[in-house]
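Student: The sequence shown begins at 1 in our numbering and counts up by one.
It is possible that some hints are incorrect.
[What the hints assert, rightly or not] Derived pair list, reagent style BS3-like, types lysine-lysine, alpha-carbon separation capped at 27 Å: (1) K191 / K216; (2) K179 / K476; (3) K482 / K436; (4) K503 / K436; (5) K128 / K4; (6) K267 / K319; (7) K216 / K179; (8) K128 / K322; (9) K503 / K514; (10) K323 / K128; (11) K267 / K4; (12) K436 / K514; (13) K319 / K128.
In short, the hints are calculated from the structure, not lab data. Please read all numbers here as calculations on a predicted model, not as lab measurements.
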Amino acid sequence: MRAKHLVWIRRTSQAVFLGLFLVLLVMSRLPEDVYLQYSVVFSSDADLRLDQPVTFFFQLDPLIWLSSLVSGHRLIHGFWWALGLLLVTLFLGRAFCGFICPLGTIHHIVGWVKPALKGDRMTKANQKTPGNRVKYFLLITLLVGAIIGLNIAGLIDPISLLFRSMALAVLPAAGIGLKETFDMMAASDIKVLNYLSYGGEALVSPVFGYGYPAYKTAWLIGLIFLVILFLNRIRPRFWCRILCPLGALLGIFSRFSILRLEKDHAKCTECSLCAKGCQGAASPMPSQAWENAECVLCFNCFDVCPEDALSFSFRWSPKLNKKPDMGRRAVLGGLVAGISLPLFARLDFSAHHVSDPRLIRPPGALPEEDFLRLCQRCGLCMKACPTNVINPTLAEAGMAGFWTPHLIMTQGYCEYTCTLCGSLCSTGAITEISAKEKLERPIKIGSAYIDRGRCLPWSGNGPCIVCQELCPTSPKAIYLRKEVVPSPTHAPMQVDVPYVDLKRCNGCGICENKCPVRGRPAIRVIAAGESRSIRNQILLTGSVS
1 MRAKHLVWIR RTSQAVFLGL FLVLLVMSRL PEDVYLQYSV VFSSDADLRL
51 DQPVTFFFQL DPLIWLSSLV SGHRLIHGFW WALGLLLVTL FLGRAFCGFI
101 CPLGTIHHIV GWVKPALKGD RMTKANQKTP GNRVKYFLLI TLLVGAIIGL
151 NIAGLIDPIS LLFRSMALAV LPAAGIGLKE TFDMMAASDI KVLNYLSYGG
201 EALVSPVFGY GYPAYKTAWL IGLIFLVILF LNRIRPRFWC RILCPLGALL
251 GIFSRFSILR LEKDHAKCTE CSLCAKGCQG AASPMPSQAW ENAECVLCFN
301 CFDVCPEDAL SFSFRWSPKL NKKPDMGRRA VLGGLVAGIS LPLFARLDFS
351 AHHVSDPRLI RPPGALPEED FLRLCQRCGL CMKACPTNVI NPTLAEAGMA
401 GFWTPHLIMT QGYCEYTCTL CGSLCSTGAI TEISAKEKLE RPIKIGSAYI
451 DRGRCLPWSG NGPCIVCQEL CPTSPKAIYL RKEVVPSPTH APMQVDVPYV
501 DLKRCNGCGI CENKCPVRGR PAIRVIAAGE SRSIRNQILL TGSVS
């Protein structure tokens, strides 16, 4: 097959898989008709599920599968896709990096649209450097840490990183910018702009959502993503060459690949065009030893060679390909870091003590230790949450739980019958439960308490029964009693004051979210009383599901 054909096949494959990733990203939310039938869907025992395979790329990722296996001792759903990819790597090398990986494709596009280096500088930049060993250091750190019990692979796994960045930062930022623009157009006195704003909002809402989603630390997630893209100004596909732990894992397996680069030394004129076009710094020049573990199969070297000195062919040989150049320091450093990080992670958040009261996990979340062993911090549960209540943590869960999901009730609330987050979790950190199971067990994520100094009836500042009216449990967890309280003028005042029945409260947070006292609501939810923890209880006689 000609080089031009291989290059166009690679480009077509990249476009298809990047498009598929973006489509699944957009589709990882409830469709509009669910909201239109809100009273039917959310008030029934029917389970909310997405029909689209939005977890496909996570199931295809061998690093997610392997880190979940060694850390949580669990085979994730659909792991056969990851095993199949490893099998393909054994025969074709890092084909995933060149043909499938959506983050690799984005880096390829960024480097092509605005190349930072040209001519001899590009040739020099595409030479292999000791910095290529950093990704092996990161891979060893992640896997050793996962074996000991700290699974932070999702922080820099390319699929998790890209989904988190797009879902929590890029799409919300673009959506807010577009909708604010349409709002300005709708507020104008020009009818044409009014009509354009209505039509524009109808077009963009299915992609960016129907509200104004916001996520804590989204600015940091977006900033890191921009920095990673900017690094292509230093080296083409800097992430893939230097930092990607999945690329390092696939590079190790590619040693057994039977797809090899054949070099004809007699035809080579040392023009260096192959090195200039190489996307992986794989040393394609005939005068150099080919680094198959670094090759991302872009086929640029084969395509640009004017002398036909390079070609790819399938060749079985008892002699394996050149082993990856990990470097002794990278290996030893990875071992030390992998052992140290799990120990350091226990210094600011100990699994042997009750967690932060703000750390309210989604319904169905495993006990904290098991949860942290499996959660990939991908942001899928946050993107799909219909009320925008699930957000990434910052310090609430300590270093070990950085960017894992937790609920912020002032921003949303856990819909009473919704179990969507558990149905989408690719690793099982949030178990899949039914709406019936959530209600009948019941599954509690926390407990509400009343701040009497801020509560309008309790402080004597006026009547209010919002929390009791909106409480979804049956019988209601919030009930009213007539009490005589002093008013601000010290005169006695009879009002209905709210109380919380902790045995009935499931911690959904709608009372906190809808409380008319803004800023710091008068009724708040804390993690105490959650079903998943035996220690984190309020009622000693209460049952733990």
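Student: Could you tell me which of the numbered hints above are not met by this structure, giving the numbers in increasing order?
Tutor: Result: hints 1, 2, 3 break, sorted rising.
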